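Under the UniProt record's numbering, the residue at position 299 of the sequence shown is numbered 299, and the numbers go up by one with no gaps.
There's no promise every hint is true.
Unchecked claim - Pairs of lysine to any residue, SDA-like flavour, derived with a Cα cap of 20 Å:
| # | residue 1 | residue 2 |
| --- | --- | --- |
| 1 | Lys-217 | Leu-95 |
| 2 | Lys-143 | Ala-181 |
| 3 | Lys-217 | Asp-303 |
| 4 | Lys-166 | Ile-233 |
| 5 | Lys-166 | Pro-104 |
| 6 | Lys-365 | Ser-24 |
| 7 | Lys-107 | Ser-347 |
| 8 | Lys-166 | Tyr-231 |
| 9 | Lys-107 | Ala-202 |
| 10 | Lys-143 | Asp-303 |
| 11 | Lys-217 | Ala-181 |
| 12 | Lys-335 | Val-215 |
| 13 | Lys-335 | Arg-82 |
| 14 | Lys-365 | Arg-82 |
| 15 | Lys-335 | Lys-143 |
| 16 | Lys-335 | Tyr-231 |
| 17 | Lys-335 | Pro-168 |
| 18 | Lys-335 | Val-195 |
| 19 | Lys-217 | Gly-203 |
| 20 | Lys-107 | Lys-335 |
| 21 | Lys-217 | Pro-168 |
| 22 | Lys-107 | Gly-203 |
| 23 | Lys-335 | Ser-24 |
| 24 | Lys-107 | Ser-173 |
| 25 | Lys-107 | Tyr-209 |
| 26 | Lys-217 | Gly-199 |
| 27 | Lys-335 | Gly-318 |
| 28 | Lys-217 | Ala-109 |
| 29 | Lys-107 | Lys-217 |
| 30 | Lys-166 | Leu-258 |
| 31 | Lys-107 | Arg-221 |
| 32 | Lys-365 | Arg-19 |
| 33 | Lys-335 | Gln-248 |
Since the hints were derived computationally from the structure, they do not count as laboratory data. Everything numeric in this text was worked out from a predicted model, so none of it was measured.
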Amino acid sequence: MMSRADRTVLSEWWWTVDRALLASLVGLMVIGIILCLAASPAVAARLSIADPFHFVNRQVLFLAPAVVVMIATSFLSPRTLRRLCIGVFALFLVLLLATLVVGPEVKGARRWLTIAGITVQPSEFIKPAFVILAAWLFSESTKRPEMPAQLFAFALLGSVLAPLVKQPDFGQSLLICLVWASLFFLAGLRWIWMVGLVGIGAGGGALAYMTVSHVQKRINRFLNPDSGDTYQIDAALNSFRNGGWFGQGPGEGTMKRLLPDGHTDFVFAVAGEEFGIILCLVILSLFAFIILRSLSRASKESDPFARFAITGLALLFGLQAAINMAVNVHIAPAKGMTLPFISYGGSSLISIAFGMGMLLALSRKRPGAAALAALTEKPAQEGSARAVASGAVPDPA
1 MMSRADRTVL SEWWWTVDRA LLASLVGLMV IGIILCLAAS PAVAARLSIA DPFHFVNRQV
61 LFLAPAVVVM IATSFLSPRT LRRLCIGVFA LFLVLLLATL VVGPEVKGAR RWLTIAGITV
121 QPSEFIKPAF VILAAWLFSE STKRPEMPAQ LFAFALLGSV LAPLVKQPDF GQSLLICLVW
181 ASLFFLAGLR WIWMVGLVGI GAGGGALAYM TVSHVQKRIN RFLNPDSGDT YQIDAALNSF
241 RNGGWFGQGP GEGTMKRLLP DGHTDFVFAV AGEEFGIILC LVILSLFAFI ILRSLSRASK
301 ESDPFARFAI TGLALLFGLQ AAINMAVNVH IAPAKGMTLP FISYGGSSLI SIAFGMGMLL
361 ALSRKRPGAA ALAALTEKPA QEGSARAVAS GAVPDPA
């Protein structure tokens, strides 16, 4: 066991990191492996893959670097995180633009690149870096109003939204807009700006509905199930009905064989059928705990950058989870968005680990100079007391 008196980097990290938050994130990863074990055989059989645990093996393969990324990132200082995110944002913005030119078209969208045999979705990696840079700009606008930081924040948003809409990927666009608007509000947004932004958002949504056929079809199917094919949503709802409170048992689910995306977008439905509503509530509770604890930490931060960044990363994580679960229970239109740390997927898993590593880094307890001095002096005082008690040193009294 590491002692508080130990001043090594690892010991200092252990005693300052939010261990409850870290344990909750690890818990989600473990649940993700269990649910991948449940969903993988059915998906492998449907895709004619010989190894029934193909997706489990790949998920574990992705999980190893994801854990390394999360832990390594949690050691970094806020200043280092900002510098790192500038580089990450620039790199993946270039790759995001490259998807429009050389990315393969899948289901009418260009969102992926194949690099050295590995499929990468740049939009997943750009999200956490975007949040950090937006938080930085908004924090500067509160500390130095003379700087055009808010103007730069608008430019930052536009640089990401333009290629995302062009792909098109309206789900990620909506997620980024919601997080950005939340940070703008925290930075002291005037109500007139809020009304204007809501109006622009509503107008953009209406334009997408009228001009993009697959957006129109998804919304129409959500509002009126009889207007189109609802096969996957119906199968997901039947999974919850079959599972009941305690589920059919591990490996006993049948609806997962009918879910094309049972290991990715609809893994929550697989959890409901095989392990019941109880596990679904456990998953929901873990997400709620992570978000609420992060927001609680953010509210205690005196540094605007740390406060905005923690809030933005928590919202990014929570909103993505909420959208995925809402689609699974049919209270939101279908959208291809993964459930953080639980759905199968390399880009999603590693990018979320990067974001949560930054969240752990920013929420670490950072004692002031006086507290740090007291922490290091305590062992010396205890040693002096023991010396006096043994008679090796005369009692000054």
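Outcome of the hint check:
no. : hint              : verdict
1   : Lys-217 / Leu-95  : violated, 29 Å
2   : Lys-143 / Ala-181 : holds, 19 Å
3   : Lys-217 / Asp-303 : violated, 45 Å
4   : Lys-166 / Ile-233 : violated, 27 Å
5   : Lys-166 / Pro-104 : holds, 14 Å
6   : Lys-365 / Ser-24  : holds, 18 Å
7   : Lys-107 / Ser-347 : holds, 19 Å
8   : Lys-166 / Tyr-231 : violated, 28 Å
9   : Lys-107 / Ala-202 : violated, 26 Å
10  : Lys-143 / Asp-303 : holds, 10 Å
11  : Lys-217 / Ala-181 : violated, 27 Å
12  : Lys-335 / Val-215 : holds, 10 Å
13  : Lys-335 / Arg-82  : violated, 31 Å
14  : Lys-365 / Arg-82  : holds, 19 Å
15  : Lys-335 / Lys-143 : violated, 38 Å
16  : Lys-335 / Tyr-231 : holds, 14 Å
17  : Lys-335 / Pro-168 : holds, 12 Å
18  : Lys-335 / Val-195 : violated, 26 Å
19  : Lys-217 / Gly-203 : holds, 18 Å
20  : Lys-107 / Lys-335 : holds, 13 Å
21  : Lys-217 / Pro-168 : holds, 15 Å
22  : Lys-107 / Gly-203 : violated, 25 Å
23  : Lys-335 / Ser-24  : violated, 26 Å
24  : Lys-107 / Ser-173 : holds, 18 Å
25  : Lys-107 / Tyr-209 : holds, 18 Å
26  : Lys-217 / Gly-199 : violated, 23 Å
27  : Lys-335 / Gly-318 : holds, 16 Å
28  : Lys-217 / Ala-109 : holds, 15 Å
29  : Lys-107 / Lys-217 : holds, 14 Å
30  : Lys-166 / Leu-258 : violated, 32 Å
31  : Lys-107 / Arg-221 : holds, 18 Å
32  : Lys-365 / Arg-19  : holds, 11 Å
33  : Lys-335 / Gln-248 : violated, 27 Å
The structure shown violates the earlier hints numbered 1, 3, 4, 8, 9, 11, 13, 15, 18, 22, 23, 26, 30 and 33.
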